[in-house]
Structures are given as C-alpha cells and as structure tokens.
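J.: Work out the full structure: start from the sequences and follow the hints.
Residue numbering for the sequence shown follows the numbering used here, starting at 401 and increasing by one per position.
Hints were generated in silico from the structure; no laboratory data involved. Worth double-checking, as some hints may not be accurate.
Computed beta-carbon distance windows for the label pairs [what the hints assert, rightly or not]: (1) C528 with I448: 25 to 33 Å; (2) A541 with S420: 39 to 47 Å; (3) G542 with S420: 38 to 46 Å; (4) E549 with R453: 14 to 22 Å; (5) R474 with E607: 18 to 26 Å; (6) R422 with E608: 26 to 34 Å; (7) A541 with D477: 39 to 47 Å.
By construction, the Cβ of each residue, glycine as well, lies at the ideal position given by its N, Cα and C atoms.
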Amino acid sequence: MRPSTLYVVATPIGNLADLSERAREVLGAADHILAEDTRRARVLLSHIGVATRPVSLHAHNEAARVALARRWLRAGDDVAVVSDAGTPLLSDPGERLVGAVIEMGGEVVPVPGPSAILAGLAVSGLPCVPFTFVGFPPRKAGRRARALERIIDATETTVLFESPSRLVGLLDELATRMGESGSEGAGSRVSAVRRVAVCREMTKVHEEVFRGSAAECAAHYREHPPRGEVT
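T.: As structure tokens, then:
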C-alpha cells in the first residue's frame, strides 16, 4: 500500500464470498476505515479477521469526517472508505471526502468489486450500453414528477434504486404515466411501454429478477411483497 492514501473499497452486495482478495488486504492494512453503517462494516471486518474499528461516515457528519480524514492522511495514515454494500459513492456519502483528498494532493485509489448497478444491468436482459444511473427517485412531488418523466422519455436503459416498501408505488406511478393498460389515471399519456427488470436480493439466497412492464411488475409485487435490496 502507498503511504497516505484514501482507498475506495467495494464490498459484497450480499454474498460475503464476493469480497476480493485485494479488498481484504487493503482493509486489513488500513489505519482507519470509514463506513456508511458501522454495524454492517463490523460484520464484514469480523468475517475477514480485521480488528480495526470502523468510524461512521454519513450525510449528517460528512463535513466533520472529511476534516478528520484529512488529518489522518497528513499524519501519514492510510484510510479506507466502504459503503453499506457495493461500490462507495453511488447513492452513498463520500463525494466530498474524495474531492477533499484530491484537493489536498492526496492519492485516491479504487479497489473495484461488487456493484448492484452493474450486476442488475448485466442480468436485466435490457440494453447495457448506454445506460443512466439516477439513484433513488426524489420524494417531493414536483421533483419526482420531472424525474419520472425523464426516465420514461429516455432512450437509454435507466438504472435506479428503490426501497421494498415503496417499490409497488413507484411501479404503479410509472405505469400510470406511461398509460399502460389498466393503469390510466391523472397525468397518464400514451408512450412506448418501457421494459422493466426488478432485481431483488442479488447474490443472496432469495435472489430474484422479475421482468415485464411496469404494470406487470407492480401486480407481481403487490401479490408477493418484496423484501431486501431492490435495483
């Protein structure tokens, strides 16, 4: 490992066996580990025999953690950052941290590995190139409406995250806006029906990919309420 380096480390999205040997080495050698969820990080670190205690990094403390990481790096310590699961910074905190390290002239090194975005895209059956990743849909009505219209009008594949509890509502809203049969309502319009692939619990025991129209996917998950991570 290079001295005074920030390592951006990808971690498993479900199956712990997917952690790379290089990621194990980096996490084992890092002087400090920043983690979005320290509880989940401790499970992973315990699994690979790393005793370093993770330090929280989330949206509410990122400014303070950036300052702390800068002090560590200036002192010659190596720092690793991990997210809840998958590749950090994609709908996760860390952008300010990476930007600050680059600004101070520090090294930022990727340790590639699992990504729910790419895993879901690869098994979706949808065109993989080009694609757009939009994270979680906005919650506020105006921003949400504009975001969903952009998704519907896009010519490329769109990848997004949603929580299990809000999945059916999102699919219903997409179906309504696209004017799919049986989903007409306020704001609906006639458009080409976009194919949908819902990837759930990827790499885990109950992994599932359900493919169909937005209305078909909504009907499926209304009857079979989803659990776990959804892409």
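J.: Confirm or reject each hint.
T.: Hints and how they fare:
With their beta carbons about 31 Å apart, C528 and I448 fall inside the hinted range of 25 to 33 Å. One distance hint, 39 to 47 Å for the beta-carbon pair A541 and S420, holds here, with the actual separation near 42 Å. Here the CB-CB span from G542 to S420 is close to 42 Å, well matched to the stated 38 to 46 Å. Between E549 and R453 the beta carbons are some 45 Å apart, a value that contradicts the proposed interval 14 to 22 Å.
About 44 Å separates the C-beta atoms of R474 and E607, a value inconsistent with the hinted range of 18 to 26 Å. Under the hint 26 to 34 Å, the C-beta atoms of R422 and E608, about 30 Å apart, fit the expected range. A hinted range of 39 to 47 Å for the beta carbons of A541 and D477 is consistent with their spacing of about 45 Å.
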